Amino acid sequence: MRVLCVAEKPSIARAVANILGGGNVNMRESNSKYIKNYDFSFNFAEAGNCEVTMTSVVGHIIRLETKPENRWGMCSHGKLFDCDLVELVDKQDVFDNISKEAATANKLMIWTDCDREGEYIGFEIFKAANKGNRRIQIADIWRGKFSHLERNHIIRAANNPIRLDMKSVAAVACRMEVDFRVGTSFTRLLTESLRQHNLIESKEVASYGTCQFPTLGFIVDRYKRVKSFVPEAFWFIDVEVMKDGTKSGFNWTKGHFFDRLYVLCLYERCLKHDFGTIVKLESKPTTNWRPLPLTTVELQKDCSRYFKMSAKRALDAAEKLYNNGYISYPRTETDKYPPTMDFRGIFEKQKQDSRWGSYANDLLSSGHQMPRNGSHDDKAHPAIHPVNYVNLAALDNQDQRKVYEYVVRRFLACCSKDAVGMSTTATLKWGDELFTASGLMVLERNYLDVFIYKKWESSKQLPSFTEGEQIKISSGKMKEGKTAPPNHMTESELIALMDANGIGTDATIAEHIEKILTRRYIAKQKVGKNEYIVPSKLGMGLIEGFDKLEFENISLSKPFLRRELEKSLQDIVNGTKIKAEVFAQVKEVYKKAFAKSNENIRVITNECQKLMR
Amino acid sequence: MNKTTFKASDFARIERAELNQSTLFNIMRIENISKSKLNQMEDWQHYHDPNSVSVDRIKNSNRTIIREIKDSSDDNGPRDANTNVNVTYKLLLRDFHNNYTFAYEQEPLNFLRSHRSNATPLGIDLGGRLLVKQGATISRGVIFLDHKNCDYQGSHPEDEQLTRTLNDGLVQKEIDILKSELGL
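Residue numbers (full-length UniProt numbering), protein chains in the order written: chain X, 1 to 613; chain U, 1 to 184.
The set of hints was computed from the structure by calculation and includes no laboratory data.
The model shown is predicted, which means the values in this text are computed figures rather than measured ones.
Don't take every hint at face value.
What the hints assert, rightly or not - Which chain U residues stay away from chain X? Per the calculated CB distances, all over 10 Å, these:
| # | residue |
| --- | --- |
| 1 | S36 |
| 2 | S54 |
| 3 | N86 |
| 4 | N110 |
As the list claims (entries may be wrong) - Capping the alpha-carbon separation at 25 Å, the derived lysine-lysine pairs in DSS-like fashion look like this:
| # | chain 1 | residue 1 | chain 2 | residue 2 |
| --- | --- | --- | --- | --- |
| 5 | X | K479 | U | K148 |
| 6 | X | K227 | U | K179 |
| 7 | X | K254 | U | K148 |
| 8 | X | K577 | X | K167 |
Just so it is clear, CB atoms sit at the ideal spot from N, CA and C, and this is done for glycine as well.
Required output: the full structure, derived from the provided sequences and hints.
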């Protein structure tokens, strides 16, 4: 029996072939310079000893396209919502290689990444294979379920194939069609109108995407918040007492108020008293929790925060590390590890490192903690963790070194004890008002020793108050403060917002940000040590323009519409909705919005002109 | 009954006094003094048009939108602005002789957090009657309310006209007031 295995990327094909072939692998060139075919034999649990050819695609191999009569300039833009679409082979040599290899195969096994997109690429691979060999049918396809390239994990995947999930395929097909029809119609409309008014160069494109615009919307909203900020005064009561020669400041438990008279009345009542009383003195252990198992979005946020690395660079570096077998699949929403995870095996591999090796060794000898479990599970991949050890010096570049070190340290931190401290809080009653002061003593650093990115330090200690102690108020003042303007958007904030609003997935968030950057809708701006994202005048104008069009109950610049689509796609995956129904609904909404935009396109170009002049 | 007069100006210079007889008021306006006006305005905008609200903050990302609020049987839970006991409200009161005064919460009052109304960020409709009892604390002309010294009686049929005037278009009115106070 001959089995054709197809992975999503050449590096995965090579790695899986080497594992399954046990070193006895014969490599053949294909007609594509990127794609190699690997021949070997493997003893599958379900089919016994088989001849295997392992090859790959490079992402999607089929794309949607309009028919010639609907190309740009050939039809009205609005027609794109209803015209027939054709599927075109995007990478003919890659497609042909699969058809050719499938011709002599009895079985197709899909090794694409285990996520929705991977499921769909698996379906594209099936189409290529089916073209070369009509006997290959959907129902007979094997699908390898794997999330990293560790040897035993891959062998287990080969021996326990599952089926291609056609519901996920339908969800992606729906998403692709919506994105294509909405994207091309709006993009043609915007591009032509902006070119006409010389708002973009004659070769530039002004794209619209159902994720791009909400992403831009977040940035514009923040920019406007900063620009329209008005400082407001607030008032509070501030108390200091002297004890054993040290001054201690106490904070009002009520915080502050935006009403002077209110604070003044309460303050006046306090002033009747020269002394305050320590009504409560409480020392209690406090815990600084070890981090949760790592998701893609957390990885991107932390890389942005700690290393000033863009989401795209972080994900690119993580992908490289995954392709080389150093870390698990880096696109995951799951923040827990499976119960079967071999923690000790991973510590064992990491103990040779000169930086964190001794820490890993301690976990081996003194025992480790079970990581905390988060509440997210994409049911496809575990949280990101190191798989194989690599010396940082052997990695290609600084980004990969930083990401690898971060993934390892985060993993070791997850398996460590929480940091423990003792916090002491004194409560002072002055008149009717309560004030508190606290001090923190860090007792055991635990995970903080390996997770060097996070700071938690002892604060100034409180003097030794006793409960019931009367103490003279050395200073009790009513103070005024002012609200401070918010900062512009940082990339880590933007990622968090996109994630919380369902704009893009862990895998595509970075692409959307990159896209609006290359479209020059946004720019990155450095202020001191921090980098902020601000809209360009063009980006501003587009959002302002779309917001001026009064759509019925929807907004093209806010995340709500896209979030609903994401939810419906999940319903397709869960089997509670069907693709046709979801597609028809979503199409209607966007089609209406398009008609309105088309009719009032002057409003949008006017806004852009106003700002760009 | 209790439609006595209360003149705030009589107490303006007095640091602390007590209300000498129980007095009935209508609640004319409710303001959250724990929040900046900018933030209050944002709260109101959610009720005005959820599609116009700034979405650049995480706390805004999972908020319910108006479609859900219209459905009164929909028990989606109150919004955080109302449930927060740490919030302090300032009320504008009017007695039955057209005298206005401010009143502050001395402690969180349940009736202001009862969500009888869910069309605005406020827990109740405006125009309801509040009986402030004899002995309530007055400082510098403002009343300090606590559980014991006041009794919320809700909207009274006789005040129907007032209630309607106060509540009709309230969302837009509040946004306009806050805007002009901020100079926007």
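Just want to verify: S36(U) was marked as not at the interface with chain X; is every Cβ pair farther apart than 10 Å? Nearest chain X Cβ is 5 Å from S36(U), so the label is violated.
Given pair status - K167(X), K577(X), alpha carbons within 25 Å: holds (10 Å)
Hint check: K479(X) vs K148(U), CA-CA at most 25 Å. Holds or violated? violated (31 Å)
Take a quick look at N110(U) and tell me if its Cβ sits farther than 10 Å from every Cβ on chain X, holds or violated. holds (19 Å)
When you look at the beta carbon of S54(U), is every beta carbon of chain X farther off than 10 Å? Its Cβ does come within 10 Å of chain X, the nearest being 4 Å, so this is violated.
Per the stated criterion, does the least C-beta distance between N86(U) and chain X lie above 10 Å, as a non-interface residue requires? With a cut-off of 10 Å, N86(U) comes too close to chain X, as the shortest Cβ separation is near 8 Å.
Does the alpha-carbon distance linking K227(X) and K179(U) stay inside the 25 Å limit? Status holds; Cα separation ~15 Å.
Straight-line alpha-carbon gap K254(X) to K148(U), limit 25 Å: holds (21 Å)
Hint compliance for this structure: hints 1, 2, 3 and 5 are broken, all remaining hints hold.
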